[in-house]
Amino acid sequence: MGWELALLLPPVPRFFVGLLLVVVLLGVETLFVYWISTLYGKDE
Amino acid sequence: MPIGNIDIPGIGKEVVMAMIWQTHIYHSAFIAGILLIASASEYMGVLTKQPKYDRFAKGAAIATVLLFATGSSIAITGLLALITLYPVFWSHLQNIMFWPLFAEAWMFVGEIILIYAWYVSWEKLAYRKKLHIVIGFMAAMLVIFQFTLINVVGSYLLTPALGAEPTDVGAVYLNPTFVPLNMHRFVGNISFAGFLVAGYAGLRYLRSTRQENREYFDWMGHWGLVWGFGFLLLQPLIGFGYLKSIREHNEAAFDYIMLGDKSWLFNGLAIELAVMGVASVTYCLHKIKFAERPMPTLRNMTMGALGFMALFSFLNVIPADMNLVPQIGWVFFDGEETTIPLGGMYPWKYIGLIGMMLVGVFALGLYLKATAGGFQWGRASRWSQYALVITAVTVVVTLATMGYTRETARRGAEPGYLVAGCITLEQKIVAEGCPEAPGRTPERGTP
Numbered sequence: 001m002g003w004e005l006a007l008l009l010p011p012v013p014r015f016f017v018g019l020l021l022v023v024v025l026l027g028v029e030t031l032f033v034y035w036i037s038t039l040y041g042k043d044e
Numbered sequence: 001m002p003i004g005n006i007d008i009p010g011i012g013k014e015v016v017m018a019m020i021w022q023t024h025i026y027h028s029a030f031i032a033g034i035l036l037i038a039s040a041s042e043y044m045g046v047l048t049k050q051p052k053y054d055r056f057a058k059g060a061a062i063a064t065v066l067l068f069a070t071g072s073s074i075a076i077t078g079l080l081a082l083i084t085l086y087p088v089f090w091s092h093l094q095n096i097m098f099w100p101l102f103a104e105a106w107m108f109v110g111e112i113i114l115i116y117a118w119y120v121s122w123e124k125l126a127y128r129k130k131l132h133i134v135i136g137f138m139a140a141m142l143v144i145f146q147f148t149l150i151n152v153v154g155s156y157l158l159t160p161a162l163g164a165e166p167t168d169v170g171a172v173y174l175n176p177t178f179v180p181l182n183m184h185r186f187v188g189n190i191s192f193a194g195f196l197v198a199g200y201a202g203l204r205y206l207r208s209t210r211q212e213n214r215e216y217f218d219w220m221g222h223w224g225l226v227w228g229f230g231f232l233l234l235q236p237l238i239g240f241g242y243l244k245s246i247r248e249h250n251e252a253a254f255d256y257i258m259l260g261d262k263s264w265l266f267n268g269l270a271i272e273l274a275v276m277g278v279a280s281v282t283y284c285l286h287k288i289k290f291a292e293r294p295m296p297t298l299r300n301m302t303m304g305a306l307g308f309m310a311l312f313s314f315l316n317v318i319p320a321d322m323n324l325v326p327q328i329g330w331v332f333f334d335g336e337e338t339t340i341p342l343g344g345m346y347p348w349k350y351i352g353l354i355g356m357m358l359v360g361v362f363a364l365g366l367y368l369k370a371t372a373g374g375f376q377w378g379r380a381s382r383w384s385q386y387a388l389v390i391t392a393v394t395v396v397v398t399l400a401t402m403g404y405t406r407e408t409a410r411r412g413a414e415p416g417y418l419v420a421g422c423i424t425l426e427q428k429i430v431a432e433g434c435p436e437a438p439g440r441t442p443e444r445g446t447p
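For the protein sequence lines, the chains are A and B, in the order given. In this text, residue positions in the first sequence follow this note's numbering: the first is 1, and each later residue adds one. In this text, residue positions in the second sequence follow this note's numbering: the first is 1, and each later residue adds one.
Source of the hints: derived by calculation from the structure; they are not laboratory data. Source: prediction; values computed, not measured. Do not take every clue at face value.
Just some of the chain B residues that point at chain A, by a computed CB distance under 10 Å [claimed, not checked]:
no., residue
1, Tyr-26
2, Ala-63
3, Leu-67
4, Thr-70
5, Gly-230
6, Leu-234
7, Gln-327
8, Ile-328
9, Val-331
Just so you know, even glycine gets a beta-carbon here, dropped at the ideal spot from N, CA and C.
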């Protein structure tokens with residue numbers, strides 16, 4: 001393993017950073033799809 | 001430095017994998033569930049001649065098209081990350097899993113053709129509706145087969161086929177936990193998509209001003225909830241079967257997630273099930289108020305069901321001991337020594353889970369009986385819609401909890417495995433005949 005390991009966060013913060021990243025990714029996508037869908041609704 | 005040895009600063013490569021695949025599974029689980037629900041809705045539209053079913057199916061098709069490309073591209077990114085960060089593991093896995101992965105790739109081709117064809121031919125095939133419905137169902141079948149194939153991989157990691165050569169496709173495919181996992185995922189995907197539909201409809205209902213839209217989204221929330229809650233009720237039984245097969249074939253993993261340091265995950269699950277169960281029955285109770293014909297007896301019975309649902313849910317939530325979440329220091333009194341009354345698995349959790357299922361089936365049965373007489377759509381209160389949104393948020397958390405549980409189970413035996421008993425997290429191959437043909441039982445977990 002390389003020097004990067006020295007920068008690793010402890011397991012619990014690592015878990016929460018991962019969770020946060022998933023939430024941010026999916027949150028942005030969900031808002032985007034929701035926005036698209038409201039535009040679609042108006043055309044109907 | 002060999003590429004395979006790189007690590008990601010800060011979060012490490014394990015979290016990178018978790019993040020990518022968790023994001024991917026949210027897309028794929030939703031698509032697998034919604035394709036089936038949407039195709040069934042389209043068919044319902046033909047049978048009942050009510051346009052709302054077709055409107056729903058088409059909206060679902062648009063959502064699927066939007067999400068499918070994103071979900072697939074995340075899978076490609078994930079594979080790239082897997083090859084880069086876990087090259088030793090991947091080269092062996094690819095060797096063992098060649099045929100399932102090969103078939104998986106072709107499923108993608110079929111899906112891309114069918115899902116987009118299904119969407120774009122909506123108007124063109126309006127007069128050949130049955131053909132159009134068949135296209136939708138075929139796309140759903142392909143996705144079902146695709147997640148079946150990936151379940152072969154997922155279940156193999158936890159319970160590898162013993163003594164099987166990599167060319168022994170049958171033994172690899174039908175590894176010990178494959179069938180229960182596949183059932184669990186099949187039902188879970190539909191439930192997941194159903195609750196998300198319900199939550200989305202709840203939000204749209206709350207923001208709709210036109211009566212026509214209020215009626216439609218009110219109905220859509222009901223439709224999503226029937227699928228989500230209906231399939232959720234099967235999960236405790238199937239999940240029990242799955243855990244039983246894990247116990248029989250990888251005891252170390254079972255102990256770790258059910259009794260050991262990660263047993264709090266199931267306390268979390270009990271809370272999530274409680275929220276979804278109570279919120280769903282509350283919604284049903286509220287909705288019955290707006291039945292076309294007044295149904296006081298049915299409403300009172302649902303009220304009773306809600307009470308029992310809350311009672312059984314509470315029984316499930318009680319932890320076994322005060323060793324709650326050791327990873328963040330939630331250990332109170334004497335930890336494992338301090339047992340909590342009514343917290344044990346036998347008989348209390350069995351009573352709780354079985355009771356929850358029976359009460360749920362009862363409540364849903366009453367609700368469907370009320371549905372048959374029709375509802376006054378568009379008159380639901382804000383709170384009933386909040387209940388739908390709560391189920392959607394909770395099911396998202398539940399999917400993550402359960403996915404994390406299965407993947408972390410392979411840490412149950414020291415030093416933690418990528419393929420249970422065979423390849424460690426450090427990509428070291430241990431035990432005789434591993435990884436292609438493990439000669440030992442992985443029950444003990446240690447080589």
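A quick look at each hint next to the structure:
1. Tyr-26: holds, 6 Å
2. Ala-63: holds, 7 Å
3. Leu-67: holds, 7 Å
4. Thr-70: holds, 7 Å
5. Gly-230: Constraint on Gly-230(B) not satisfied, violated at 24 Å.
6. Leu-234: violated, 26 Å
7. Gln-327: holds, 6 Å
8. Ile-328: Cβ of Ile-328(B) sits 6 Å from chain A, so the hint holds.
9. Val-331: violated, 14 Å
Violation of the numbered hints given earlier is confined to hints 5, 6, 9; the remaining hints are satisfied by the structure.
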